[in-house]
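Colleague: Starting from two chains that each stand alone, build the complex the way the hints lay out.
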Amino acid sequence: MKKSAPLHKSRRLIHTGNRLLVVVSVLAVCLIVSSTAVAIDGLDKIRQRGTLVWGADQEGGGPFVYPNPNDPTQRIGFEVELAELIAEHIGVKAEFSQGQWDKLPDLLDRGDIDIVLNGYEWTTNRAARYGVSIPYYIYELQLLGRTADGSLAAWEDLLKPVDGQKRKVSVLGGSAAQDYVERFGGDNIEIALFEGATDAMEATELALSGIDANVQDLPIWVFYAKGFSQLRPLGTPVGRGYYVAMTRKSDKDLLKAVNETLVAALQDGRLRRIFEKYGIWNETQTLRGLETDATGSFVGNSVPAADGSGEAVATESYTPSGGWNVIQQRGGLLVRSAGMTVLLSITAMPIAVLIGLLIALARLYGPWYLGKPAAVYVEIVRGTPLVLQLYLIYFLVPKLLDTIFPGMELTINAFAAAVMGLAINYSAYEAEIYRGGIQAIPRGQMEAAISLGMSRSLALRRVIIPQATRLVLPPMTNDFIALFKDTAVCSVITVVELSKQYYIQARSAGAIVELGLLTALLYLAMSYPLSVLSNRLEKNLNQERRA
Amino acid sequence: MIELSNIVKCYQQHEVLRGVSLTVGDGEVCVLLGPSGGGKSTLLRTINGLESFDSGSIRVGDVVLNAAAGPERDAALLQIRKRVGMVFQQFNLFPHRSVLQNITEAPVHVLRQPRDVAVQNARRILARVGMADKENARPGSLSGGQQQRVAIARTLAMNPEAILFDEPTSALDPRTTAEVIGVMSDLAASGQRMIVVTHAMSFARTVAHKVHILHAGRIAESGPPEQIFGNPQESITREFLSEAGERHS
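These protein sequence lines are chains X and Y, in that order. For the record, in the first sequence the residue sitting at position 531 is 531 according to the working numbering, with numbers rising by one throughout. For the record, in the second sequence the residue sitting at position 197 is 197 according to the working numbering, with numbers rising by one throughout.
If we strip away everything but chain Y, and leave its shape as in the complex, we get (with noise of 0.2 angstroms):
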C-alpha cells in the first residue's frame, strides 16, 4: 500500500500541491492526468524524495515519509527508494556504462547482490523488456524508445514493490511511444504496481485501474478510467479531456 496524506508544498509564495490524498493499492495501475502545471510530477517526485514537501505523510508499506528534513527522513527515503523505482521523461541512463551494467549497477552496489545472479536477472529482464540483444550497447547509441525500455528494465532489476513512471513517453516519437507502451502494459498485466505521470490518454483508459485528475495543486476528480472518460463529474475534468482531444460520450 502507499498513501499519501494531505501533502503540502510551496514554491516561494506559491502552493504547488494544496493537500493531496490518495492510496495505490496492491497490483493497482494509477494514472495522474491533468493540465500543464497542475503538480503531477511535483506529486509523483515527493514518493521517493526527488522533491520535499511541507506537510502531510507518505507512507510505503511500513516506511513513513514525513515532511521534516533530517536523519529520519533520509533512512526513510533510502528505504523508500530502494522498494520504488523511477523512470524519467529523459531516461537519465548512465552514459558511461553498457546497457548490462545499468542494469546491474544498483543490485550490486545498493542490494549486494553477487555480481553473477545480478547480471543472470539483468539478461532475464532485458529479454522481458526486448532488449536482450543490446547488452553490450551504450546507452548513446540507442533510439529514445530502445533507452526508455532499458530504464525500465533498470528499475524492475531491484524488484520494485512500485514504479513511478514521470512522463516516460513524452520525449518519444509516436512509434517509439508504442513500444514503451506496450512494455508497461505488459508490466500492468503482470500485477506491477505503477503510479503513472502521462499524456497516453489510450495508456489511461485501457490500463490503469485508477485515474486521478489533477488541477492547481488539488486532486479535481479521482475515478476508474471508465467514470473518467465516459461520465466525468467534474467541469475541470471535461475542460481538460476536450482540450486534449478525447471525447466523452
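For reference, chain X alone in the conformation it holds in the complex (with noise of 0.2 angstroms):
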C-alpha cells in the first residue's frame, strides 16, 4: 500500500543539502588544514623552530608557575626560570603553553609541547610511559591544621574520631597527597578532594563541609603560607617524593638535554638560587649529593648559601593582593578573555544553526538514509557532555587524522576544535528547535505553496522556514546565551577564555570575590543584549500571532 501522503521528494531539496554539506566539509577542512602542524620529533626539531614549547596550569600555580603580581600578562615562578635554563642549554628560546594540569601529559601525547614542567611527580606509571627526568626538586608533603584547634597536633590525631565523626582531609585531586593519606588513614580518614592546591587550603581554613585538616606539597605551603594565616604545619614533612619533566618517550636527545641541564644547574647552584628566591629551599635537595663548590669539590652536608653571605631570603613569595585595585591590575586581561569568549560564541553559533537546519530537514524531508542517521546524530551529541566531545575532537581526531593521512601531519589547533566542538553540541538542539519550528507549520502551507507550482524546496524556502524562523528566533537567543557560558569548557583543550582567565587570576591574586564579581559583570554583559532582543522577538511574535 502506499503511503497517502504527497511525500514526492523533491531532488532540489536534496541537492542543495548536498550543496550546504560540502560547504560544511570545506569549512571543516579549512579548520583542520590551517591548523598548526606541531608534530615535532626530538630536540632537532626544536633548534629547527628555535623554542621549546613546555606546558603547565598557571590556574593556582604559585610557586611552580604563576601571574607575575607585576605584570599579570607575564608569568614567573621556579618552572619559568627553569624551562629558561633547560632551553638556554639547547640554544633556543622557552614559549609557555597553558594546559589544564590533569590534560598536559596527552597535550604531550598530541605534539603540542616539547616538556612538561609542572609538578608531575616521580611514579612507576609515569616512567613506563614517559620519558622523565632526573629529579629538579625533592618534594615532601606537610599536614596542615587550623591553628585554633588543638584537638590535632599530628598525624596520629587524624586516625581519631571527633564525636564519632571521621576526621576530614583535604587534598588536591590525583596528587601524591591524596595517595599517601589513602595509604596512611585507609578507611579511618574521609577525603575531599580539590582542583586547586589553594581551594584545598581555603576549604580547611574556613573548616567548610566539616574538614578537619589538608595535606599539602611543602613548596606549595611554604608560598602560600603567609596568605593563610589560620593554618599551621603540624609535624615533620612525610612522604618524600620527585618532580620530575617529562617528554615523549622518543624524544631522548631532549630528555638528555634535560638531565644535563639539571645536573649542571644544581652542581653550580643556579638552581639552588632560583628555589631560594622561592623560598622553597631546603636540605632535603641536597640529598643527591651533587653540589660542589668554585673547584668542582663536592660541599657535603655544609651548604653555603647561594651568595654565600650566610641566610638566603625569598624575594618571591605569595603576597594576596585582594581589594579593589586588584581589578585595576588584572580587569584588562578579563575583558581581553572576554573577547575570546565572544569570538568562539560568533563563530561557533552560525555553524551550529547551519548544521542544525540541516539535520532538522534531513529528519522531517530526506529519505531514510539521510533522517536515520540524522536522528541518531541529535541523540548522540545531546546525550553526551560537551567537555566529552572538545577532549574527543582535540585529542582523537588528530589521531584519526594520522591514521588516514600518515605521514602529511595534519592536525587540528585549540581553537578550531573548540569551534567545532560547541558548534557540534549545539547543532542537535538547533535541530531540535527547528523541527519544532517547521512542524508548528500548519500543512495546508506546504500544500498551498506546491499547489502553486512551488518545488518542495522553493515551498520550504519563501513559505515554511521564513514561518518557522519566527517561531525559533526566541528559542535560538536563548541557546546562543547558554553557548556563550559554555564556552568555559573550553578550557580543557587549552582555549583560555573569560572563566578560565578568571581562575588564573583570582587564584594568583586571591581576589576571588573582585574578580569573581567582575567576570559575572562581563558575562551579564555580553549576554543581556541578546536576552532584551530574545524578549523583543517574542514579544513581536505574540503580536503577529494576536493580528
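Everything labelled a hint here was simulated from the structure, so no lab data went into it. Accuracy of the hints is not assured; some may be wrong.
What the hints assert, rightly or not - Using C-beta positions, here's what the derived DEER-type ranges look like:
no., chain 1, residue 1, chain 2, residue 2, range
1, X, G444, Y, N136, 22 to 32 angstroms
2, Y, V63, X, N535, 46 to 56 angstroms
3, X, Q48, Y, P71, 53 to 63 angstroms
4, X, P385, Y, H14, 41 to 51 angstroms
5, X, P367, Y, V63, 53 to 63 angstroms
6, Y, N136, X, N535, 24 to 34 angstroms
7, X, N478, Y, V63, 15 to 25 angstroms
To be verified - Far from chain Y, some chain X residues (derived; all Cβ distances over 10 angstroms):
no., residue
8, D71
9, A207
10, T319
Fair warning: this is a prediction, and the values are worked out from it, not measured in the lab. Cβ atoms here follow ideal geometry from the backbone N, Cα and C, with glycine treated the same way.
Modeller: Following this line, the structure appears as C-alpha cells:
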C-alpha cells in the first residue's frame, strides 16, 4: 500500500542539501588545514623551530608558574626559570603553553608541547609511559591544621574520630598527597578532593564541610603560608617524592639535554638560587649530593648559601592582593579574555545553526538514509557532555587524521577544535528547535505552496522556513546565551577564555570575590543584550499571532 | 480537457476511490456532490497530487499523471500544478506576507515573471475579486470571506487552465459565503474551468454545467443540474438531496 501523503521528495532539496554539506565539509577542512602542524620529533625539530614549548597550568600555580603580580600578562615561578635554563642549554627560547594540569600528558602525546614541567611527581606509571628526567625538586608533604584547633596536633590524631565522626582531610585530586593520605588512613579518614591546591587550603581554613586538615606539597605551603594565617603546619614533612620533567618517550635527545641542564644547575648552584628566590630551598634538596664549590669539590652537608653570605631570603612569595585595585591591575586581562569568549561564540553559533538546519531538514523531508543518521546524530550529541566532545575532537581527531593520511602531519588547533565542539554540540539542540518550528507550521501551508507549482525546496525556502524562523528565533537566542556561557568548558583543551582567565588571576591574586564580580559582570554585559533581543522577538511574535 | 480514468485509491484496507472516471471540458464548471466520506475531496486532491492514487490515470491537456511514484510522476505534477490552481477550505494564505505578496509569490518565483508585471497583474486580479483596497493587509487581519477571495486571486495570478475548489465556503458564515460564491460565479461566467467540491447547493444548481454524485468511492450519478436536482435517477442521489434539505419536484 502506498502512503497517502504526497511526499514526493524533490531532488532540488537534496541538491541544496548536498551543496550545503559540501560547504560545511570545506569549512571543516579549512579549520583543520589552517591549524598549526606541530608534530615534533626530538631535539632537532626544537632547534629548527627555535623554541622549546613547555606545558604547565598557571591556575593556582604558585610558586611553580603563576601570573606576575606586577604584570599579570607575564608569568613567573621556579618552573618558568627552570624552563629558561633548559632552553638556554639547548640554544633556543622557552615558550610557555597553557594547559589544564591533568591534561598536560595528553598535550605531550598530541605534540602540542615538547615537555611537561609542572610539579609532576615521579611514579612508575609515568616512568613507563614517558621520558622522565632526574628530579629537579625533591618534595615532601606537609600536614596542615587550623591554629585554633587544639585537638589536631599530629598525623596520629587524624585516625581518632571526633564525636564518632571520621576526620576529614582536603587534598588536591590526583596528587601524591591524596595517595599518601589514602595509604596512611585507609578507611579511617574521609578525603575531600579539590581541583586547586589553594582551594583546598582555603576550605580547610574556613572549616568548610567539616574539613579538619589539609595535606599539601611543602613548596606550595611555604609559598602560600602568608595568605593562610589561620593554618599551621603539624609534625614534620612526610612522603618524600620527586618532581620530574616529562618528555615523549621517543625524544631521548631532549630528555638527555634536560638531565644535563639539571645536573649542571644543581652542581653550580643555579637551581638552588632559583629555589631560594621562591623560598622553597631546604636541605632535602642536597640529598642528591651533587653540590660542588668553585673548584669542583663536593661540599657535602655544609651547604653554603648561594651568594655565600649566610641565610638566603626569598624575594618572591605570595601576597594576597585583594581589594579593588586588583581590578585595575588584572581587569584588562579579563576583558581581553572576554574577547575570546565572544569570538568562540560568534564563530560557533552560525555553524551550529547551519548544521542544525540541515539535520532538521534531513529528519523531516530527507529519505531514510539521511533521516535515520540525522536522528542518531541528534541523540548522540545531545546525550553526551560537551566537555567530552571537545576532548574527543581535540585529542582523537588528530590521531584519526594521522591514521587516514599518514605522514601528512594534519592536526587541529585548539581554537578550531573548540569552535567545532561547540558548533556540533549546539547543532543538535538547534536541529530539534527547527524541527519543532517547522512542524508547528500548518500542513496546509506546504500544500498551498506546492499547489502553486512550487517545488518542495522552494516552498521550504519561501514559505515554511520564513514562518518557522519567527517561531524559533526566541529559543535560538536563548541557546546563544547558553553557548556564551558554555565556552567556559573550552579551557579543557587549552583555550583560555574568560572563565579560565578568572580562575588563573583570582587564585594567583587571592581576589576571588573582586575578580569574580567583574567576571560575572562581563558575562552579563555580553548576554543581557541578547536577552533583551530575545524578549523583543517574543513580543513581536505574540503580536503577530494576535493580529 | 481534464480526464480522470478509473482512479482507485486505498487507505490501508479501505478503498476510498473505486474506479472513478470523469472528464471536464473547456470552460466547464463541474461540481462534485455527495455525503461526507464519499471521496469527493480525496478525488479532487489526486488531480494535483496532494493525494496519490493506486491505479488509473489523470490527463491534464497533454500531461499524463500515473499512479507509480518516481521522477516521471514528479515532473508531471510540477506541470499540472502550474496549470491547475487550488482553493482550500482553510484558505491557507501565507500569514507572513501581505495580500499583494501572497499573490505575486508564485508568478515571480515559479513562472519567473518580472516583479512589476506580477504586481500589476495582481492588482488587476485583486480589483476583480473586490479586494483592491487590501493589498497591503496581512491575511490575519482579514475576514474569512476576504481571505478566501485573496486565495482565489492567488490562484488566478497563475492564469490556470482549471481551478480546484475544495469546500471553499465550508469555513464561512452565510454572508461571507455569498461573497465568495459571487466571485466564483463571475469566474464561471467568464469561462473559467472549475472543479468544485461543495455543499453550497445553490451554486451547484445555478452555476454548474455538470454535477457528479460521489458515494462510497464511486460516481453514483452524473448529469446536468436540471437532471440531478429535477429528475434524479438514482436512489442514492434522492436520499442525499433530501438529507441536504433539497426538494426535488
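Colleague: Work down the list of hints and note, for each, if the structure agrees.
Modeller: We went through each hint and held it up to the structure:
no.: 1; hint: G444(X) to N136(Y): 22 to 32 angstroms; in the structure: holds (23 angstroms)
no.: 2; hint: V63(Y) to N535(X): 46 to 56 angstroms; in the structure: holds (51 angstroms)
no.: 3; hint: Q48(X) to P71(Y): 53 to 63 angstroms; in the structure: holds (59 angstroms)
no.: 4; hint: P385(X) to H14(Y): 41 to 51 angstroms; in the structure: holds (49 angstroms)
no.: 5; hint: P367(X) to V63(Y): 53 to 63 angstroms; in the structure: violated (26 angstroms)
no.: 6; hint: N136(Y) to N535(X): 24 to 34 angstroms; in the structure: holds (28 angstroms)
no.: 7; hint: N478(X) to V63(Y): 15 to 25 angstroms; in the structure: violated (48 angstroms)
no.: 8; hint: D71; in the structure: holds (56 angstroms)
no.: 9; hint: A207; in the structure: holds (62 angstroms)
no.: 10; hint: T319; in the structure: holds (63 angstroms)
Consistency with the previously given hints fails for numbers 5 and 7, ordered from lowest to highest.
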